[in-house]
Amino acid sequence: MAFKLFEKLSQNFIELLNDKSDYNVIVEVENEKSFTAHSNILKCRSTYFHKELENIIPNENNIKTITKPNISNQIFDIILKYIYGGIVDLENVETRIIFDLMKAANEFEIEELAKKLENYLIETKSSWLKSHFSLVYRSIFSGNNFKDLEKFCNDIVVKYPNLIFDAEDFTSLQESALISLLKRDDLQLEEIKVWEYIIKWGISQNSTLPAELEEWTKENFTILKTTLQQCLPFIRYFHISSTDVWNKVKPYKKILDKQLWEDLNQRFMVPDQPVKSIILPPRTTLVQELPTRTTELIKPSSTIITYEHVAEISSWIDRKSSIYSLTNTPYEFQLLLRGSINGFAPQTFWDTCHGHVSTVVIIKVKGTEEILGGYNPLIWDSNIAGNSRWENTNDKNFTILKTTLQQCLPFIRYFHISSTDVWNKVKPYKKILDKQLWEDLNQRFMVPDQPVKSIILPPRTTLVQELPTRTTELIKPSSTIITYEHVAEISSWIDRKSSIYSLTNTPYEFQLLLRGSINGFAPQTFWDTCHGHVSTVVIIKVKGTEEILGGYNPLIWDSNIAGNSRWENTNDSFIFSLKNGNIQNSILSRVKISANAIFYICKSIQYANGPYFGNSLYMFSPSSNFTLDNSCACNNNYGNYEKPIRTTASGFSIVDYEVFKVIKKTS
Numbered sequence: 001m002a003f004k005l006f007e008k009l010s011q012n013f014i015e016l017l018n019d020k021s022d023y024n025v026i027v028e029v030e031n032e033k034s035f036t037a038h039s040n041i042l043k044c045r046s047t048y049f050h051k052e053l054e055n056i057i058p059n060e061n062n063i064k065t066i067t068k069p070n071i072s073n074q075i076f077d078i079i080l081k082y083i084y085g086g087i088v089d090l091e092n093v094e095t096r097i098i099f100d101l102m103k104a105a106n107e108f109e110i111e112e113l114a115k116k117l118e119n120y121l122i123e124t125k126s127s128w129l130k131s132h133f134s135l136v137y138r139s140i141f142s143g144n145n146f147k148d149l150e151k152f153c154n155d156i157v158v159k160y161p162n163l164i165f166d167a168e169d170f171t172s173l174q175e176s177a178l179i180s181l182l183k184r185d186d187l188q189l190e191e192i193k194v195w196e197y198i199i200k201w202g203i204s205q206n207s208t209l210p211a212e213l214e215e216w217t218k219e220n221f222t223i224l225k226t227t228l229q230q231c232l233p234f235i236r237y238f239h240i241s242s243t244d245v246w247n248k249v250k251p252y253k254k255i256l257d258k259q260l261w262e263d264l265n266q267r268f269m270v271p272d273q274p275v276k277s278i279i280l281p282p283r284t285t286l287v288q289e290l291p292t293r294t295t296e297l298i299k300p301s302s303t304i305i306t307y308e309h310v311a312e313i314s315s316w317i318d319r320k321s322s323i324y325s326l327t328n329t330p331y332e333f334q335l336l337l338r339g340s341i342n343g344f345a346p347q348t349f350w351d352t353c354h355g356h357v358s359t360v361v362i363i364k365v366k367g368t369e370e371i372l373g374g375y376n377p378l379i380w381d382s383n384i385a386g387n388s389r390w391e392n393t394n395d396k397n398f399t400i401l402k403t404t405l406q407q408c409l410p411f412i413r414y415f416h417i418s419s420t421d422v423w424n425k426v427k428p429y430k431k432i433l434d435k436q437l438w439e440d441l442n443q444r445f446m447v448p449d450q451p452v453k454s455i456i457l458p459p460r461t462t463l464v465q466e467l468p469t470r471t472t473e474l475i476k477p478s479s480t481i482i483t484y485e486h487v488a489e490i491s492s493w494i495d496r497k498s499s500i501y502s503l504t505n506t507p508y509e510f511q512l513l514l515r516g517s518i519n520g521f522a523p524q525t526f527w528d529t530c531h532g533h534v535s536t537v538v539i540i541k542v543k544g545t546e547e548i549l550g551g552y553n554p555l556i557w558d559s560n561i562a563g564n565s566r567w568e569n570t571n572d573s574f575i576f577s578l579k580n581g582n583i584q585n586s587i588l589s590r591v592k593i594s595a596n597a598i599f600y601i602c603k604s605i606q607y608a609n610g611p612y613f614g615n616s617l618y619m620f621s622p623s624s625n626f627t628l629d630n631s632c633a634c635n636n637n638y639g640n641y642e643k644p645i646r647t648t649a650s651g652f653s654i655v656d657y658e659v660f661k662v663i664k665k666t667s
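Counting from 1, one number per residue, gives the positions in the sequence shown under full-length UniProt numbering.
These are computed hints drawn from the structure, not numbers from a lab. No experiment lies behind these values; they were computed from the predicted model shown. Hints are supplied without guarantee of correctness; some may be wrong.
[Stated by the list, open to error] Cross-link-like lysine-lysine pairs, in silico, BS3-like; alpha carbons within 27 angstroms at most:
(1) Lys193 x Lys258
(2) Lys402 x Lys497
(3) Lys665 x Lys643
(4) Lys200 x Lys253
(5) Lys115 x Lys103
(6) Lys497 x Lys603
(7) Lys130 x Lys200
(8) Lys116 x Lys51
(9) Lys159 x Lys248
(10) Lys51 x Lys115
Generate the whole structure from the sequences, applying the supplied hints.
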């Protein structure tokens, strides 16, 4: 059995530190403050001191002096006590001091302490790290070894790249930091944006480069190529659209390898032929809760706060124990005032915010990057004569709501609400109604024949909808995804009608050929089933969003293609997104480049590839199951169809899909 009696040992060494009679080292820090120490202890505890003391010549009193003017008194005092006693007391120590202490421990090559402090900051001070993000990010990429902190920061940057790439001091970013981001497969930036930022960074490192590209010499391009030689290999060139390659990459093609430029040209002209250059995979979309096509992120219109901040503040407003998700935040933040636009005079605040209720003030502190703020549920009032006054939020909740709804309340048809609903659903909020209106509502139900003083708006009319007669049979789509209205809408698109067919006048029947939930979700099943069929509609239900996407192919599907896959030409194909639930309007996108309308897949890769409508809508699954992988996509980068039918280019899996043969009715 071993007794580990470290406490007394630590105490004795601290006493030795305080004993000034036997030191042989002086360390001078900021403001020429001096600390005394013992060389054997310093060398034993720090490889930095071991190397430094070996190279210093002692003075006539056999004392060696080390100068560290960049280290503060407070920081070195903590470092020295740790070296001697192994104790670091962080109670009541500001987070900025702890951060600087970590950097100092790294500088003195005290790995144990540096690592401990790094983990402590990540685990307990993450909010401070985020609010001081710019300071932290630029501090950890200078030959330092803060790999966990580097990952912590990069995990934030890949989600919100504008924090770094749109920062005013982006061009001063260390090359190592930039490369660490370029290597990330999950960097959430379009690749052409990555290219533009890299060019901007490279040019800024060379102040002698001409401002106008037309004036550049061969030597200028060589300088830029040399500057960016560590960055260029991590650009995903083959995932940039042909338009962007031509307009934005081509002007700088001299900094690229000749083979790469040749391969880029080949890729767009003959996409099925292999190239010699290495093709990096596309950057992945983070697996996180993203808005669906109809779910727009609440936009703060802010240069200070992010979507996450909006969700967090919203949860505080509603007194939630957990933070709202990005797609479920119930509030919009409408910008009223920004100092950098409207000015920083206090009077501007009162003039602008007077009369507004439920506001959030966001403040960015100079010199610290802190983000502070406050929420006021009351109405701002700038017309206060005499003394300023305090306001109580508890007594004015109904006033706030009444003020908010003052333009809406007059248009409610109160007298056409049932007595049960008035009592159960209106009465709890009667304080926001005029007293006369509430009295008249009560009178109306008790003595309905007597006139009231309030204005009674007419009841809302019921729209006369076109319904089928008893003898008219609706065109049955035999579908679990689309409705009769969808069939009418798609039929009108097939015939290029400017208005949608009525339900009883749709000229086509949709005959079911395939349903994934019946026939299976393997891509090969599509080709085996649909081979030889002409005029078909593919219907896709997206997993997690309830979107209904699809495409119409007037041509015959051909699964017997040997050799390379091939493009088919038609002017009549189209892709679409159908209205469904919260999706209010359908989107139609007709073929734009007829030569690339439909892509027929060769036999050797039909196991993974389903129908391709250009590159704008396709079904793909490397695991041969469309319900997995998140590899189906809508990507209109190549412009084969008129416009995108989704707001995001991220991949998706499906819930189900159907293929219908479109048949002209005979009667």
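Checklist line | Indices of hints not satisfied (ascending) | finding: 2, 3, 6
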